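Please work from the sequences and hints to get the whole structure.
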Amino acid sequence: MSDRSGLDRRSFLATGSALVGAAMAGCSGDGGDGGGNGDDGGTAGGTASSDETVKIGVLEDQSGNFALVGDPKHKASLLAIEEINADGGIDGKQIEPVTRDPQSDNQRYQELTREMIDDEEVDVLWAGYSSATREAIRPIINRNEQLYFYTTQYEGGVCDKTTFAVGPTARQQLGSVLPYLREEFGPEIYTVAADYNFGQLSADWVKVLANENDAEVIGEEFVPLKESSFGSTINRIQEADPDFVMSMLVGANHTAFYEQKASTGLDVPIGTSTAMAQGYEHRRLEPPAMANIYAGVNYMEEVPTDSNTRDGGFVDRYFEKYPDAPYLNEEAETNYFSTYMYKEAVEQAGTLEQPEVIEALESGISLGTERAPEAPEGETIELDGATHHVDHHMWVLRADEEHRIEAVENRKIPEQFLTETVGCDLREEAEQTQYTPVDFFEEAE
Amino acid sequence: MANWLNLAFQFLDSFAFIVLAAAGLAIIFGIMGVINLAHGEFILVGAYATTLAVKAVGLPLPAAMLAGAVVTAGFGLVVERTIISGAGPNWVWERLEPRLSAALPDQAAAVLPSGPLIEPLYDRLADSMVATFGLSLIMVQGARIVFGNSIDQVATPFGEVAYGAFSYSAYRLVLAGVSVALLGLVYYVFTYTDYGMRARAVIQDDRTARALGVNTERTYAATFALGSGLAGLTGALFAPVISMQPTLGSQFLVEAFVAVVVGGASVVLGTALSAAGLGAIESVFSNQYGTFFGRIALLLTAILALRFLPGGITGYIERVRKRRRRES
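As given, the protein sequences belong to chains A and B, one line each in that order. Here the first sequence is numbered in the working numbering, starting from 43 and rising by one per residue. Here the second sequence is numbered in the working numbering, starting from 8 and rising by one per residue.
Honestly, the hints are just simulated from the structure, not real lab data. Accuracy of the hints is not assured; some may be wrong.
[To be verified] 25 Å max Cα-Cα, derived DMTMM-like pairs, lysine to aspartate or glutamate:
hint, chain 1, residue 1, chain 2, residue 2
1, A, Lys203, A, Glu443
2, A, Lys203, A, Asp256
3, A, Lys203, A, Asp481
4, A, Lys203, A, Glu398
5, A, Lys203, A, Glu389
6, A, Lys203, A, Glu153
7, A, Lys454, A, Glu404
8, B, Lys62, A, Glu398
9, A, Lys203, A, Glu451
10, A, Lys454, A, Asp467
11, B, Lys62, A, Glu443
12, A, Lys454, A, Glu398
13, A, Lys203, A, Asp467
14, A, Lys268, B, Asp159
15, A, Lys363, A, Asp129
16, B, Lys62, A, Asp366
17, B, Lys62, A, Glu328
18, A, Lys363, B, Asp134
19, A, Lys203, A, Glu230
20, A, Lys203, A, Glu404
21, B, Lys62, A, Asp442
[Stated by the list, open to error] Derived coverage of chain B by chain A (criterion: at least 3 residues anywhere in the stretch with Cβ under 8 Å from a Cβ of chain A; other residues may be distant):
hint, stretch
22, 160-173
23, 291-302
None of these values were measured; they are calculated from a predicted model. Backbone N, C-alpha and C fix where the C-beta goes; we use that ideal spot for every residue, glycine too.
Have a look at this one:
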């Protein structure tokens, strides 16, 4: 075992330091001291974070089950870091990214999180794709009171003093697409979701939102992550004959659902918080597998804001840095804008000391369309100081028969669960809890 | 009525999936005593070769599937010659070793291994597992490095069969037909061809077979290539319906290993009976209680089978036969 991880680590070091080197090459023009040198990107040097550089730890999957969706996050973090460094850094300090490949393995995540905190002494950490990963490393984060950004769209409810869960929550994602589909197609909903904490909690949210929008969940199924045969699931959907399906399927195996439902001729509209925006199924599968699927998301590459699509916009900059990258996904944008949120907070605090930076973040940071391409011209997204979540600009995006993406609705949706239902205020009380809808809504039971 | 049809289709689907997942593994395990933990990655080779043959070369899908199976068989042959039997490296070493010991000082030459570098992995279960597990890791990461985190996928052919409120993908029915044909073909190959005769002789007693003039080494190589080719065919057939990414092989492993364990030593009969039994259990439970319980029922059955039928279904049949013979 140790041999294997040694080997993987070494091969990763090669790519990792190459990336860091590339990032540094991009900013060498402005005469900074270059921050960390490329070699430092990989070794457990044990240097305390000096006053010269800002050490940002980035743990995103570049191999294993979540590599497809995790790799764009990694790339977008490095893009933001490169841009900030080229622009003079944070408060005049260059950023030194410290990256590793956690290989979609939660145990590896725990080891690397400890390494980032104890050996690398990073000033801030971005880590993890799945909710299971976040919950695996959060105890370590909490013990060390480490400032931590979790950027995946997720089930919601994390109220934690040092954690900033800045991706949209299930209530925001499903809350954008479900009411739209209710209006367009009718009140009867069938839910299919992945069988783990994210899928279960998302399905609870579908029930809560159905209740709020005068709709009804007439059937529900949880599918194990290893499953890739959907014959019986499709039969049950046909039997229930809903007005639309809500799909919170996750991961590579579950992608087979869309291909199989298309080849079975099931043409019911499908709302989703997981498909297309993360794993770009509309690019990978042949049309019409994803036809008539509606994604409720804060971002995907096709979001038609000017700062996203224009020449030299976000999409252009990403593919200029990574010409071979397949897609710029939802979470990549969240990694991107949250790096800028951190920059603003540090500059506001005037220090890298984490309690002060957290306090600055809690003062409420807002970003315009240039830093947060999900927001249209003239609009902003806000980091809510009380809950450490973001009030996002949410889009409903539909794929047609040819897999072209069209925005059918967009509006700003605030985080509501922690703010209104739970009443979490981290400025008043330093909690480390994840709240679930079951504790607050009868219909979620 | 409609639900009986649903159940029937789901049974055919499970049956086809289990047969296709297990066939290549069963042959390699049953005949060579090699547990191929890279089985899923042989399926990956077949699936990727098929998809790329359509997308990059422009072959029609059936030809691309055939190409996928052939490419995987060829790949299997290379693996057998280098890793499983070690014949390739040993051949090189045989020629290199005298020159090296001549060139090096005596003390250094003394530590060079003098015999063959690699002992064949036939019938060394644990060793073959370690070797093929390593191969599987290399292949998954290799595919990721070469082809990225996913490749574009081909669409499922044939459309659907509609009945009442329901419909089913016609292609999945074709898969069921193919799996039955495949069992027939494997049965034919092992009972009516010279190769099949030799292969069975080698299973029973490879020393005696060799003494009687069977080239056991060639039989082993051909068997591994055949098993690999079947795994490749599985990948080719499932290429349109599963997600094309480097870890796609892992979704076949549970069914494949469970089917081989439950089936027992006989390749064709064991695979057919265990696929029928497990397919029936899985489809009934997933039809009635959902996919999750279908999976649970499958694994519980495997545990019970291991406890009460340690030799698998065919091992049990063999035992009953022997007892009858003794009694009569």
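Hints and how they fare:
no.: 1; hint: Lys203/A - Glu443/A; verdict: violated (45 Å)
no.: 2; hint: Lys203/A - Asp256/A; verdict: violated (36 Å)
no.: 3; hint: Lys203/A - Asp481/A; verdict: holds (21 Å)
no.: 4; hint: Lys203/A - Glu398/A; verdict: holds (12 Å)
no.: 5; hint: Lys203/A - Glu389/A; verdict: holds (20 Å)
no.: 6; hint: Lys203/A - Glu153/A; verdict: holds (22 Å)
no.: 7; hint: Lys454/A - Glu404/A; verdict: holds (20 Å)
no.: 8; hint: Lys62/B - Glu398/A; verdict: violated (54 Å)
no.: 9; hint: Lys203/A - Glu451/A; verdict: violated (34 Å)
no.: 10; hint: Lys454/A - Asp467/A; verdict: holds (21 Å)
no.: 11; hint: Lys62/B - Glu443/A; verdict: holds (20 Å)
no.: 12; hint: Lys454/A - Glu398/A; verdict: violated (29 Å)
no.: 13; hint: Lys203/A - Asp467/A; verdict: holds (9 Å)
no.: 14; hint: Lys268/A - Asp159/B; verdict: holds (21 Å)
no.: 15; hint: Lys363/A - Asp129/A; verdict: holds (16 Å)
no.: 16; hint: Lys62/B - Asp366/A; verdict: holds (18 Å)
no.: 17; hint: Lys62/B - Glu328/A; verdict: holds (11 Å)
no.: 18; hint: Lys363/A - Asp134/B; verdict: violated (45 Å)
no.: 19; hint: Lys203/A - Glu230/A; verdict: violated (39 Å)
no.: 20; hint: Lys203/A - Glu404/A; verdict: holds (10 Å)
no.: 21; hint: Lys62/B - Asp442/A; verdict: holds (22 Å)
no.: 22; hint: 160-173; verdict: holds (count 10)
no.: 23; hint: 291-302; verdict: holds (count 7)
Violated hints, in rising order: 1, 2, 8, 9, 12, 18, 19; the structure is consistent with all others.
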